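Colleague: Just need the whole structure built from these sequences, with the hints factored in.
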Amino acid sequence: MSCSRRKFLKSTLSGTLAASVPVSALKILSPSESKAATTGTENTRWGFLIDTKKCVGCGMCVKACKNENAVPYDAPVTRTWVERYVVTRDGRTHIDSPNGARDGFTSQKILDQEIRPEEINKTFFVPKLCNQCENPACVQVCPVGATYQTGDGVVLIDRTWCIGCGYCIMACPYGVRFFHPVFKVADKCTFCYHRISKGLPTACVQACPFGARKIGNLMDPDDPVTKIITTERVAVLKDEYGTKPQAFYIGLDMNVR
Amino acid sequence: MVHGAEWTQKTLFVYPNEFIYWSIQIVMYPYMTGLVAGAFVLSSLYHVFGQKDLKEMARFSLVFSLCLLPVAMMPLLLHLQQPFRGINVMFTPHFTSAIAAFGIVFSTYAAIVATEIWFVYRVFFVEQVHALKGKEGFADNFKRILYLVLSLGAFDLSEEAAAKDKRAITIMASIGVPVAGFLHGYAGFIFGSVKANALWMSPLMPVIFIMSAVVSGIALCMLTYIIIMEWKKFKAILARGRGDERVKVIRGVEMEVMSTTSRYLMMFLVAAISLELLDLIFRGYTQMKSWDILRSVMFEEDFVKIFVLQYGLGNLVPFILLLIPGTTIKRLVIALLLVLYGVFMMRWNVVIGGQAFSLSFEGFMHYHLPVIPHNLETFKEGVAGALMVVATPFILFWGINKILPSLTVKEG
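So the sequences go chain by chain: A and B.
Read left to right, the first sequence gives residues 1 to 257 (the numbering used here).
Read left to right, the second sequence gives residues 258 to 669 (the numbering used here).
I should point out that these hints are in silico values taken from the structure, not numbers from a laboratory.
Values in this document were obtained by computation on a predicted structure and should not be read as measured data.
We treat Cβ as the ideally placed atom computed from N, Cα and C, and that holds for glycine.
Heads up, a few of these hints could be off.
[What the hints assert, rightly or not] According to the in silico footprint, chain A covers these stretches of chain B (three or more CB under 8 Å from chain A): (1) 275-289; (2) 350-359.
[Said to hold, decoys possible] Within a straight-line C-alpha distance of at most 27 Å, the following computed BS3-like cross-link-like pairs (lysine-lysine) qualify: (3) B/LYS587 with B/LYS489; (4) A/LYS184 with B/LYS267; (5) A/LYS122 with B/LYS546; (6) B/LYS267 with A/LYS122; (7) A/LYS244 with B/LYS546.
Modeller: As structure tokens, then:
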């Protein structure tokens with residue numbers, strides 16, 4: 001074999017470069033990524049409005065969501081849930097959400113603790129769901145781009161591309177993400193994207209008997225939801241993380257976690 | 258069954274979807290990556306910084322870091338819910354994600370290690386090709402062809418060529434040190450950049466990870482070196498008797514290498530502990546909103562794991578053992594095992610401890626490591642899976658060392 005080291009290195013380098021040219025021209029997009037990239041929805045930005053003063057913790061929203069989005073009914077994970085807060089006279093906050101409040105709150109006991117009515121200062125319910133953040137930490141950390149943001153601001157997950165590493169679950173400050181027990185990929189609330197993109201309300205909004213949940217287009221100044229958000233005092237959860245949540249709360253208490 | 262429900266036990270208020278999602282394999286991942294980086298740094302102390310006293314150790318730790326390489330990504334694959342899609346990271350790397358950098362950094366590092374090893378062993382390959390020429394038999398023929406391929410056609414054995422090899426080794430090792438540091442530092446970055454987690458969120462995380470990586474890498478190389486040398490000594494005693502000259506030579510070499518390497522080990526150990534304590538003190542002093550829950554995890558829930566097992570048994574005891582003058586091999590082995598255990602506990606306390614409290618700061622989650630597997634998940638993310646990861650580099654070393662002998666002791 002007559003091959004000097006210099007010649008060998010030279011041909012290896014040029015071979016590698018030549019091989020990398022056609023490869024670098026490729027960009028593999030998963031179907032939903034390419035769809036999201038080509039769908040123009042500049043006039044829409046979905047936002048959610050939750051009125052904690054109206055919520056009674058009946059759990060109809062949780063049930064409706066599980067049915068609508070095929071999240072196994074008995075699995076201890078859920079795309080939306082309701083928390084019960086009981087603040088007692090001693091200043092302590094007692095919180096629970098049995099089964100995500102799927103069956104409502106049927107017991108006076110909170111985390112196996114009986115609280116006498118005369119001890120209670122205030123009590124209220126807080127529904128939770130994905131905040132569809134403007135600056136979503138989950139999208140930032142997904143190593144394969146399987147979780148992505150659509151043009152109208154909704155964060156979705158491509159079930160065919162997710163590798164199931166759980167980094168997005170760790171990155172979400174709101175704890176809304178989980179592993180789907182059937183598909184074995186990350187899952188979370190999608191604002192019922194399949195419904196809202198057809199002009200229908202989300203399953204939870206439709207199921208709420210008290211109008212505690214509402215969804216609207218934040219880009220439309222005449223939208224009733226937008227009107228409330230822009231003219232009344234609303235708050236978001238865990239603002240300190242800088243994710244800019246798009247789920248707004250009316251009457252949010254300082255004890256809410 | 259929901260992923261994580263099998264080993265998570267919740268107390269007080271925890272959000273419904275919260276479980277311990279990152280389990281033992283994510284403890285193993287930075288642990289094994291750390292061993293890779295540490296072993297490489299140890300070999301570079303000789304190749305780059307000219308620490309002549311580490312010559313014996315350098316070649317061995319370099320080959321050992323090659324054996325550890327494939328194992329660094331094994332825990333990740335075992336942890337994925339969709340392991341067959343792991344390759345998607347290479348197809349659609351998402352550059353805002355710290356994990357996506359893994360493929361790139363890891364491949365770069367693997368290429369550097371492989372190249373350095375090739376330059377270290379090139380002369381040996383060519384010598385083997387010449388030595389095995391004309392020999393009959395399948396095994397010898399196979400070996401000759403293997404070395405022929407490995408030599409990549411570079412047969413020049415002149416002094417000039419050997420000097421060039423040496424220069425190339427130094428260059429590769431010098432590039433390798435920052436890349437090894439980066440490989441592990443970014444493993445720390447994966448955790449440190451998770452702003453949602455109060456325990457992980459710290460810019461010190463990558464540095465802490467690098468320091469403890471070097472500590473664990475050096476400790477493992479020393480331990481493996483001792484085991485192999487003891488085995489050689491034992492074989493020599495069996496063959497020639499206890500008083501033989503060769504036994505003394507092996508013992509001498511072993512002790513000399515060990516006492517110098519343990520000095521480096523202590524140095525990095527001090528740096529690692531100082532950084533971890535700094536992080537802890539800083540959190541306590543600044544008392545952010547999360548401090549209440551962190552304090553209850555550190556000083557109540559996980560007190561034994563953090564202060565007794567990690568800092569006490571894993572750091573303080575081996576440090577004292579190494580500090581006492583007149584080191585013996587037996588004492589060294591105990592100290593090294595404790596150091597390795599301490600680093601493992603540090604990974605455990607970071608990964609599992611970080612998930613021990615709810616994002617609501619109102620409740621706790623306890624992790625019960627699955628010991629006896631009863632399905633694929635409890636196998637992968639249980640004791641069995643972890644043991645499989647630990648055993649792999651040694652099996653690889655056994656095979657690779659046959660082709661790249663890294664522990665040749667000159668005949669006495």
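Colleague: Among the hints numbered above, which are violated by the structure, and what are their numbers in rising order?
Modeller: none
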